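Chain A is fixed; fit chain B onto it per the hints.
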Amino acid sequence: NAGVTQTPKFQVLKTGQSMTLQCAQDMNHEYMSWYRQDPGMGLRLIHYSVGAGITDQGEVPNGYNVSRSTTEDFPLRLLSAAPSQTSVYFCASSTRDRGGYEQYFGPGTRLTVT
Amino acid sequence: AQTVTQSQPEMSVQEAETVTLSCTYDTSESDYYLFWYKQPPSRQMILVIRQEAYKQQNATENRFSVNFQKAAKSFSLKISDSQLGDAAMYFCAYRSPFGNEKLTFGTGTRLTIIP
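Line order of the protein sequences matches chains A and B. So the first sequence is numbered by this note's numbering: it starts at 1 and just counts up by one. So the second sequence is numbered by this note's numbering: it starts at 1 and just counts up by one.
In isolation and in its complexed conformation, chain A is listed as follows (with noise of 0.2 Å):
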């Protein structure tokens, strides 16, 4: 049980250029949440997924695509990278069966935009 895994670990992006973070869970977790965290801004929801095939926006959703094809599976799109994109991106899972209710963090990826 490998629990939520997120590749790359750490990423360099020229502005402009457009790049897929890859999430994946292996708990059969119905929700999967995108979160950016910024420094002395904690972590902010982007988009979030609530079953396959259902996806809907958090808090800082601009420049940022999502899709859910699988369970398993929540990728991140930027489509057209900024600077202000540069922060450290966790994906998180959790699911309400059995009365759970508490998130699994990814470790998270480091995105520097230049």
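No lab work stands behind these hints, which were simulated from the structure alone. Computed from a predicted model, the values in this text were never measured in an experiment. Check before you lean on any hint, since a few could be wrong.
To be verified - Part of the chain B face toward chain A, derived, beta carbon under 7 Å: (1) Arg43; (2) Gln44; (3) Met45; (4) Leu47; (5) Lys102; (6) Phe105; (7) Gly106; (8) Thr107; (9) Gly108.
What the hints assert, rightly or not - Per label pair, the in silico range of CB-to-CB distance: (10) B:Glu17 to A:Leu79: 43 to 53 Å; (11) B:Ser96 to A:Ala52: 17 to 27 Å; (12) A:Ser18 to B:Thr60: 31 to 41 Å.
Every residue, glycine too, gets a C-beta built ideally from N, C-alpha and C.
Below, chain B alone, put in the same frame as chain A:
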């Protein structure tokens, strides 16, 4: 919308002593969940302790305990017998019982342990 406030950007404590980290929140909901997460230098977010608002009893996990004051909307974390491994950023987080599992985080408190 809910907000979470951590008013102590940094705290320090002598090893083996006790320290309390503060958290206040604002919500109009009567039922919700509160969490403390620890983020060591490895960057991994680790759940320390959780509290359901409908439970009056304060949660405890080994050396970690909370003081949950629902009327005051306060949720402080007490770490007893502080250890060097407790050094980390600590985040308070709120979750509504409804909807999308979104966590609302505070800005964090950096805890330093003095040997």
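- Message: Please check whether Thr107 (chain B) passes as an interface residue: C-beta within 7 Å of a C-beta belonging to chain A.
- Response: Since chain A brings a Cβ to about 5 Å from Thr107 (chain B), closer than 7 Å, the hint holds.
- Do the Cβ positions of Ser18 (chain A) and Thr60 (chain B) conform to the proposed distance bound of 31 to 41 Å? Given range 31 to 41 Å: violated, Cβ gap about 47 Å.
- Message: Less than 7 Å between beta-carbons is the criterion; does Leu47 (chain B) satisfy it with respect to chain A?
- Response: 6 Å, holds
- Message: The hint names Gly108 (chain B) as touching chain A; please verify it with the least Cβ-Cβ distance against 7 Å.
- Response: Hint holds; Gly108 (chain B) Cβ to chain A Cβ min 6 Å, cut 7 Å.
- In this structure, is the beta-carbon distance linking Glu17 (chain B) and Leu79 (chain A) contained in 43 to 53 Å? Check passed, 50 Å falls within 43 to 53 Å.
- Query: Given Arg43 (chain B) was flagged as interface, is its beta-carbon under 7 Å from a beta-carbon of chain A?
  - Reply: 5 Å, holds
- Holds or violated: is there a CB of chain A closer than 7 Å to the CB of Phe105 (chain B)? This interface hint holds because 4 Å falls under the 7 Å limit.
- Does Met45 (chain B) meet its interface restraint, that is, does its C-beta lie within less than 7 Å of any C-beta in chain A? 4 Å, holds
- At a threshold of 7 Å, is the proposed contact between Gly106 (chain B) and chain A supported by beta-carbon distances? Where the cut-off is 7 Å and the nearest Cβ of chain A is about 6 Å from Gly106 (chain B), the hint holds.
- Hint status (Cβ of Gln44 (chain B) to nearest Cβ of chain A, threshold 7 Å): 6 Å, holds
- Message: For the hint 17 to 27 Å, verify it against the beta carbon of Ser96 (chain B) and that of Ala52 (chain A).
- Response: Cβ of Ser96 (chain B) to Cβ of Ala52 (chain A): about 23 Å, so the range 17 to 27 Å holds.
- Query: Given Lys102 (chain B) was flagged as interface, is its beta-carbon under 7 Å from a beta-carbon of chain A?
  - Reply: Cβ of Lys102 (chain B) sits 5 Å from chain A, so the hint holds.
In summary, the structure is inconsistent with hint 12 from the numbered list given earlier, while agreeing with all the others.
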